[in-house]
Amino acid sequence: MDRDILLQFSDFGFQYNAQSGPTLFDIDLTLKRGERILIAGPSGCGKSTLVHCINGLIPFSYKGKMTGSLKIKGRESRDLSLFEISHTVGTVLQDSDAQFVGMTVAEDIAFALENDCVGEPLLHEGVMEAAKLVNVNDYLTHAPGELSGGQKQRVSVAGVLVDDVDILVFDEPLANLDPATGKQAIELIDDMQKKTGAAVIIVEHRLEDVLHRSVDRVVLMSEGRIVADVPADELLSGTLLSDCGVREPLYITALKYAGVDITADKHPASLDTIKLTDDDKKKVLKWYENAARKQDGGSMPELLKADKLDFTYENGKVHALRDISVSFTQGEMAAIVGTNGAGKSTFAKVICGFENQTGGHIYYKGGDFDGLSIKERAESIGYVMQNPNQMISKVFIYDEVALGLVTRGLPQDEIDKRVEKALRICGLWRMRKWPVSALSFGQKKRVTIASILVLDPEMIILDEPTAGQDYRHYTEIMEFLLDLNRQGITVVMVTHDMHLMLEYADRAVVFSQGKIIADDKCYSILTDPEIIRQASLKETSLYELAVKCGIDDGTDFVRHFIEFERAHRSEAGLDE
Amino acid sequence: MKNFSVKHIVATGIGAALFFVLGRFVAIPSGIPNTNISIQYGLLAFIAAVFGPIAGLLSGLIGHFFIDFSFGWGIWWSWVIASAVCGGIIGFLTRKLKIDEGEFDKAGIVKFNFFQLVAHLISWAVIAPILDILIYDEPANKVFVQGLVSAGVNVVTTAVVGTLLCIAYAASIPKKGSLKEED
Amino acid sequence: MNNIFNYIDRPSPIHSLTGAAKFVCLMLWSFAAMTTYDTRMLAGLVILGLILFRVGRIRIKDVSFVFSFMAFFLVVNTIMLYVFAPHHGSEIYGTCTYLLGSGRMGLTAEQLFYQFNYILKFFATIPVVLLFVSTTNPSEFAASLNKIGVKYSIAYAVALALRYIPDIQKQYHEISQASQARGIEMSRKAPLTERLKAASGILIPLILTSMSRIDTISNAMELRSFGKKRRRTWYMERPFAPADLVAMLLCALLILISVWLTYVNQGRYYNPFK
Chain C
0 MDRDILLQFS DFGFQYNAQS GPTLFDIDLT LKRGERILIA GPSGCGKSTL
50 VHCINGLIPF SYKGKMTGSL KIKGRESRDL SLFEISHTVG TVLQDSDAQF
100 VGMTVAEDIA FALENDCVGE PLLHEGVMEA AKLVNVNDYL THAPGELSGG
150 QKQRVSVAGV LVDDVDILVF DEPLANLDPA TGKQAIELID DMQKKTGAAV
200 IIVEHRLEDV LHRSVDRVVL MSEGRIVADV PADELLSGTL LSDCGVREPL
250 YITALKYAGV DITADKHPAS LDTIKLTDDD KKKVLKWYEN AARKQDGGSM
300 PELLKADKLD FTYENGKVHA LRDISVSFTQ GEMAAIVGTN GAGKSTFAKV
350 ICGFENQTGG HIYYKGGDFD GLSIKERAES IGYVMQNPNQ MISKVFIYDE
400 VALGLVTRGL PQDEIDKRVE KALRICGLWR MRKWPVSALS FGQKKRVTIA
450 SILVLDPEMI ILDEPTAGQD YRHYTEIMEF LLDLNRQGIT VVMVTHDMHL
500 MLEYADRAVV FSQGKIIADD KCYSILTDPE IIRQASLKET SLYELAVKCG
550 IDDGTDFVRH FIEFERAHRS EAGLDE
Chain W
0 MKNFSVKHIV ATGIGAALFF VLGRFVAIPS GIPNTNISIQ YGLLAFIAAV
50 FGPIAGLLSG LIGHFFIDFS FGWGIWWSWV IASAVCGGII GFLTRKLKID
100 EGEFDKAGIV KFNFFQLVAH LISWAVIAPI LDILIYDEPA NKVFVQGLVS
150 AGVNVVTTAV VGTLLCIAYA ASIPKKGSLK EED
Chain E
0 MNNIFNYIDR PSPIHSLTGA AKFVCLMLWS FAAMTTYDTR MLAGLVILGL
50 ILFRVGRIRI KDVSFVFSFM AFFLVVNTIM LYVFAPHHGS EIYGTCTYLL
100 GSGRMGLTAE QLFYQFNYIL KFFATIPVVL LFVSTTNPSE FAASLNKIGV
150 KYSIAYAVAL ALRYIPDIQK QYHEISQASQ ARGIEMSRKA PLTERLKAAS
200 GILIPLILTS MSRIDTISNA MELRSFGKKR RRTWYMERPF APADLVAMLL
250 CALLILISVW LTYVNQGRYY NPFK
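Protein chains in written order, with numbering that gives the first Met the number 0: chain C, 0 to 575; chain W, 0 to 182; chain E, 0 to 273.
It should be emphasised that the hints constitute simulated quantities derived from the structure, not laboratory data. All C-beta atoms, glycine included, are put in the ideal place defined by N, C-alpha and C. Some hints here could point you the wrong way.
What the hints assert, rightly or not - Only some residues are given here: those of chain E computed to face chain W with a beta carbon under 7 Å: (1) Ile50; (2) Phe68; (3) His87; (4) Ser199; (5) Glu221.
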């Protein structure tokens, strides 16, 4: 037997006890020592189930029926215990707050060792060694609340590495990180792999970001089956990705728009490796130059204006917002971006009246907004939280949407009328009698938006509207918001998703350390290196592509791509 | 009795944390000392009904202990113990309810409320006053009146908050069934 | 640093005792104060507590937050004790010496002395509880429980509670703000059941997200071998030093004194009226 084979699925299948059919079919997959593979696929394709089979949660936590064989280091997984598996497979979960079970960094890293009864001095030494490996040794006494998302993830990695595992599994490592931190996370994973020699499995649908560092193979899953298990270059040269609902890298999309033929021998896996012929470059240049130039539309009246807002808390010790002046016009679709703690959420909370500013004023349609209560402001500006589960308190959809009107004491016929309108806008009317629990994440999001829309706001602020969503749900949510926007509602999105900004926002307001450092068109912001650095964003690959093709004005190239893409999308929308 | 697994340990910890947060930051004084309108008892009844007597007992014990620590008014043993006993009894009596499998119909609601009534009466109108007499030698009429009042308030709180929580949780568990769209 | 109980990181002899020893001392002290009603012993405990406060380098300013709760608690309790049983003191001490007025509501020296003792008893544990929370690192607390014999599964439940309290508190705050925007308010004017229904409107999302959190955390813990062995070690655990043993012995002595006094007084009370 080959000692280098760590994992071997053969003709493997799995069915959850509660499900009527199998979730995984005919899985054949081999992982060797030191290999790096990326598992991609839309939500519900079975990739999480596959991960659970690898780390042992199946069959130990989730019950069901396994068929075929899964061997971990040559032994059938069903003959092993969860603890035996966890010495071979280390898992870093998507939710780093749930994974962080220790009260401080050091205690969390120590967790697995403590459970293994490792005594002193080995315990302290082991923690220190792992902490140094991921560079968190300066924060050993910090509580999770004092760490950024990226730091928490590093702690999770250390907490797994401390066990000296052979396989590292990362479940959606990029989901909660800003673009720059996400890039660092991929670099960290790559470095850890090189230092420890472990095999790495990354489960992620943000393909372009993962391919920042190379992987050996990409395993593409769809509807419970593996549909491709090939090098990234090969996968990117076909159409399989888009067929399965996984987003291809932006530069690939641009190249395809320009009519460039993408083949594996051009090494399209990354812009660093891609080989474009002169002919290809000419095609891109031609596509760019033939573009129609659209003029910006006329300006709309101002809706909301913040004037020199200041916000401090803990008796002035923390200065969360400084001198914020910004305005939003009627009917626009804007993004607020910046790192965690830059002040973007605080800004939204101050606008909605959840917090009171310590200086400055807010004006709504030219009138004073400062004196209004949370409840009164909500009738002009609605706020939608990131996780819909944090907003839903009724069992049935209708009751949930009606809640805000019932608490305001409106007559029943008025409530019925407004709820029906909101439900129809959100495409939920036919499901009005359903329990909320029967809905998908994206549909729940719609319920929360509907429950805000019944109050008839002219503007809604959404916190990370698409966090953790695959491409299909992302598109579904964003197209819905775009539709609302077309109906005249001003939409402001707090986000660190650069695709979202580029594709859907007209304008981005960039926060950094409590201040606004830029307020401009998205394509200008995502091509400005200084702003990108300060706001922890990432330069879009389109810009690099422009440079590679010898186009001087990269910003204009990005702008052209967006306009082309939007036109393309609305055409596609009309076809449906 | 339900097996005490890792999930029960976590539920105990999170239950205690919720109990603490609700008791420490959301309490509304009713005018009688030690007798707040404490919505944490609605939560405790829910945790006990879903995760069983040990989780209920420990969530109440740890959570109440923490509340006393955090207010800094010493450790009021009689009431700490009563909280724990209350969670334990509710967990024990409701062990046949299957809220975690999504079942909580009218009969379940009646049973849940009968059990919580019994548990609150035992804890607040019997155990807490007796301990108060034993430890602090307080006058019997005072502690029993105090106990009855808080039992009453806690029963009402649990009847509203606890029942609504159980209904919402049971409804959130996906069940196979047919959902029809309507025009 | 996770700080929900006002831990003050300021080195002192009390800080350097292990958490386990401090917890044992707290329990012993609390039992000693619980069993006795001897005025001299209670006064001694109050004074000893205040001295230890100095030794632990905790300043009154650090714990000033407790005064309002304490004052409220004491005032209401004092009034209630009197209103419900103005002659409870006489029953205890066996004599009845009127100081003011007479009859049922008349004030007796015995009642005054009983209520004084009641307050003393209250103050006999407050300083040590404050001292314990101010000088014990919460991280060490769970390890201490396990060290003194509490099962590690229960000790870890305590650790998890401490770990997730700040997260839950933050989440509660966010959910209640979003609910207020939709008009869900716990107005003091509303009748009780309405107020409770409004509270449930905030609680339901909090509890349902907590339930899924419970699932994820238990998976994360099992994946890192929690529950694998019959015992576990603790990063924050420290071995007992001689000072710890001395502290625990001294506190055990308090219980002995308390028992001895009960024997000498032929009851829990010190009776000056005999």
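Status of the hints after comparison with the structure:
1. Ile50: violated (18 Å)
2. Phe68: holds (5 Å)
3. His87: Check passed: Cβ of His87(E) comes within 5 Å of chain W, closer than 7 Å.
4. Ser199: This interface hint holds because 4 Å falls under the 7 Å limit.
5. Glu221: holds (5 Å)
Violated hints amount to a single one, hint 1; each of the other numbered hints is respected by the structure.
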